[in-house]
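So the protein sequences, as listed, match chains A, B and C. First residue of the first sequence? That's 1 in the numbering used here, and the numbers climb one at a time after it. First residue of the second sequence? That's 236 in the numbering used here, and the numbers climb one at a time after it. First residue of the third sequence? That's 515 in the numbering used here, and the numbers climb one at a time after it.
The set of hints was computed from the structure by calculation and includes no laboratory data. Ideal placement from N, C-alpha and C gives every residue a C-beta, glycine not left out. Warning: the hint list may mix true and false statements.
Claimed, not checked - One-sided and incomplete, this derived list gives chain C residues near chain A with beta-carbon spacing under 10 Å:
#1 T528
#2 F529
#3 H533
#4 D536
#5 I590
#6 M603
#7 T614
#8 R616
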Amino acid sequence: MGWEHFDRVALSERAFAAYRLSFGAALGAAAINALFGLLIAWMLVRYRFPGRRVVNALVDLPFALPTAVAGIAFTALYSPNGWIGQYLEPWGIKVAFTSLGVLITLIFIGLPFVVRSVEPVLADLGQDVEEAAASLGATRLQTFLRVILPALLPALLTGFALAFARGVGKYGSVIFIAGNMPYRTEIAPLLIITQLEQYDYQGATAIATVMLVASFILLLIVNLLQLWNRRFMVH
Amino acid sequence: MQRVATTESSLARWLIIATGLGFLGLFLIMPLLAVFTQALVKGFAAYTDAIFEPDALAAIKLTLLIAGISVPLNIIFGLAASWAITKFSFPGKGLFVTLIDLPFSVSPVVSGLIYVLIFGAQGWLGPWLAEHGIRIIFAVPGMVLATVFVTFPFVARELIPLMTEQGREDEEAALSLGASGWQAFWYITLPNVRWGLPYGVLLCNARAMGEFGAVSVVSGHLRGETNTMPLHVEILYNEYNFVAAFAVASLLALLALVTLALKSVLEWRYDYSGRGSEH
Amino acid sequence: MSIRLENISKRFGTFPALHGLDLDIRPREFLALLGPSGSGKTTLLRIIAGLEFPDTGSVYFNEEDMTDLPIAQRHIGFVFQQYALYKHMTVADNIAFGLTVRKRRNRPAKQAIAARVKELLELVQLGDLGQRYPSQLSGGQRQRVALARALAVEPKLLLLDEPFGALDAKVRKDLRRWLRDLHERMGLTSIFVTHDQEEALELADRVVVMDHGLIEQVAPPREIYERPGSAFVFDFVGESNCLPVIVRDGKILFRDIVLNVPPSAIIEDNAQLFFRPHDVIQIENADAALALKVAQCHLRNGYLRVEDHVDGLKRPIIIDLPPGATVRPRESVFFQPVRGQLFPAVEK
């Protein structure tokens with residue numbers, strides 16, 4: 001494959017728009033999942049409330065539910081006359097067929113990753129470290145920020161990385177809600193498929209290569225962060 | 236005041252629970268509800284019509300067929316791979332382990348693309364396959380291959396930590412007592428993983444039936460022939476045949492719920508028997 | 515600081531951990547809570563600390579009611595069995611933790627904190643290890659960091675939960691001497707929990723012996739050993755033998771043999787006699803003595819130890835004879851206890 005072809009397809013404006021959307025939305029969704037996933041993991045591990053068992057099982061729904069089903073469900077929910085979309089419409093907030101819709105669907109996709117990564121670490125955290133902090137006069141918030149959170153960071157990063165990787169590649173759930181307008185709401189995997197449908201195998205491969213390389217680099221960064229973090233966690 | 240040193244105030248606790256449940260309600264419950272209500276919005280008759288429509292039935296059959304082939308294949312592959320990795324050392328083992336996780340980190344579309352590049356009409360093996368009249372891409376075999384690839388890690392990932400924890404000693408003891416390799420595997424290794432295996436199979440199956448991206452690339456979307464249930468959902472939806480789309484989708488959603496329920500039961504009994512599992 | 519506990523009870527679910535305990539702790543005392551697992555000693559310590567709250571009763575520090583105050587407001591130092599050091603912080607940051615979490619107006623300046631950390635590192639003899647991480651230290655070093663961290667906030671009361679349990683014998687011995695010195699030098703009141711009686715007897719000013727949620731005896735170590743207040747204490751502290759006996763007309767009888775031990779308590783009829791292995795004397799006259807077959811015999815701590823099961827008794831009898839005693843294997847040796855204590859018989 002010539003460089004020129006590569007450049008024309010994989011580095012075109014349209015391609016960049018697609019990369020921005022796929023990677024940007026995946027990053028945003030992973031970040032939101034990191035925050036709420038931590039909260040949910042905390043809730044599941046530390047608290048007892050009615051229905052906890054059910055909630056715990058449901059967290060894995062994004063794993064078990066076929067992506068196409070999720071895709072049409074979210075589109076139905078957030079389109080202008082959908083259950084949620086109808087309330088956002090008057091405020092001028094459009095979700096379906098925009099990048100916001102992509103973001104929301106990717107949040108669904110990545111939800112279990114952070115929760116399941118953090119849960120075992122949180123469960124294993126000894127009580128005595130928190131008691132020690134309390135004995136030294138720390139408030140609950142201080143204990144959380146300075147003692148608990150640092151211990152959870154590697155797991156949090158792992159979950160974030162997994163959610164991000166999953167989100168970048170996701171096709172099935174996203175194409176329904178994305179609207180798939182080139183330059184605006186076209187995700188990268190769709191671009192690959194478009195190239196394939198035009199029998200431009202090389203173009204498709206080119207885009208796939210760019211995606212792979214970028215993902216690889218980003219994941220490498222996260223892995224390095226984790227290694228650095230793990231330096232002093234060894235027993 | 237009966238507060239223990241390591242819990243938050245009641246207010247903080249309830250806030251956290253409320254926020255968490257609210258988030259989950261928004262992102263998990265609502266979509267589920269949407270699927271079922273949309274499927275039934277025109278009544279139960281329309282629902283059953285959509286499901287028993289010939290193309291839909293064909294899609295259901297195809298999904299079951301593909302899963303029926305991929306899952307057993309992956310059980311064998313997964314067992315073999317975990318067996319090799321945990322009971323033996325060989326050069327390149329580390330690389331092999333990384334490769335097992337490959338399908339997880341690669342986008343499903345890219346996986347499908349790779350198959351097209353290898354087996355497609357213009358791919359590496361394209362000409363050779365055409366000569367022999369074998370169709371892989373845009374036919375069922377390609378879809379099976381793509382599904383096998385994408386769901387391969389599930390069984391292996393479940394078994395590897397379990398087998399690693401169990402070590403080789405049981406098998407070595409069996410061998411020292413005169414058992415053959417096969418007997419050791421059948422009577423020792425297999426029973427040892429009897430809880431982890433169903434778990435991995437469950438996840439493998441859920442993914443096999445629900446896989447979209449990879450299969451979509453490889454299938455060619457021939458209605459009634461190369462459409463699995465997820466692909467059929469897409470077609471119906473794009474034709475604005477919403478009720479039918481949601482009807483088929485609801486079957487998949489039911490499958491998901493059953494998978495989760497079984498998973499819960501297995502987890503409960505799994506932990507009960509003294510071993511935990513990690514994802 | 516003096517501490518007073520009044521009528522402390524605690525149950526965990528259906529398990530009664532403590533039954534209405536009263537205890538007074540004097541200022542600058544080094545007190546040991548000694549007992550087997552399940553005796554409630556750790557629960558009691560945690561109630562004093564404020565990590566648990568009693569179901570009934572009150573806790574007073576210098577006559578101030580602390581019962582409802584959580585640990586963060588009691589200004590104590592607590593040292594945990596597994597050290598509970600923060601793995602992601604350096605040793606120096608660990609020690610400084612208590613000072614850095616103070617509210618702004620109470621918090622010392624950065625240099626003041628650094629100076630105090632340095633001071634404490636010197637005190638625990640870890641002077642140049644400030645920038646290491648806990649994972650890089652040995653068990654004994656970690657324990658000293660835990661101690662320094664607890665002391666950084668200048669507590670009046672130091673509580674230690676089996677602080678040396680996870681260390682090996684030699685390190686344990688060194689550290690506990692050193693802890694005692696520290697206690698003296700800093701004028702602390704210290705309470706520590708242990709199941710190791712040697713440790714308790716060696717270090718404490720007073721020992722609180724506990725069993726099944728009750729306090730059996732509170733006394734200086736010597737008294738615990740020489741004048742145990744109950745059968746349990748006699749048995750738990752130091753080695754002991756136990757004979758079921760009958761007391762009649764001022765005489766103690768074991769199966770028709772009169773024992774030459776002056777009755778130590780006013781008990782009639784069934785009782786138990788406890789005596790220590792070395793409180794015996796060898797007798798020539800077989801009729802007026804207890805017989806022990808020399809099945810096992812070895813030198814121990816400068817004594818000749820003979821041990822055997824006697825018919826009808828659950829526990830073996832152990833006696834220590836002077837090294838030159840005439841003892842022939844497979845024959846019997848005859849002896850009488852010279853000193854012992856009577857306690858009421860156990861209700862069956």
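Now the hints, each set against the structure:
no. : hint : result
1   : T528 : 19 Å, violated
2   : F529 : 19 Å, violated
3   : H533 : 25 Å, violated
4   : D536 : 25 Å, violated
5   : I590 : 7 Å, holds
6   : M603 : 8 Å, holds
7   : T614 : 8 Å, holds
8   : R616 : 6 Å, holds
Comparing the model with each earlier hint shows violations of hints 1, 2, 3 and 4; every other hint is respected.
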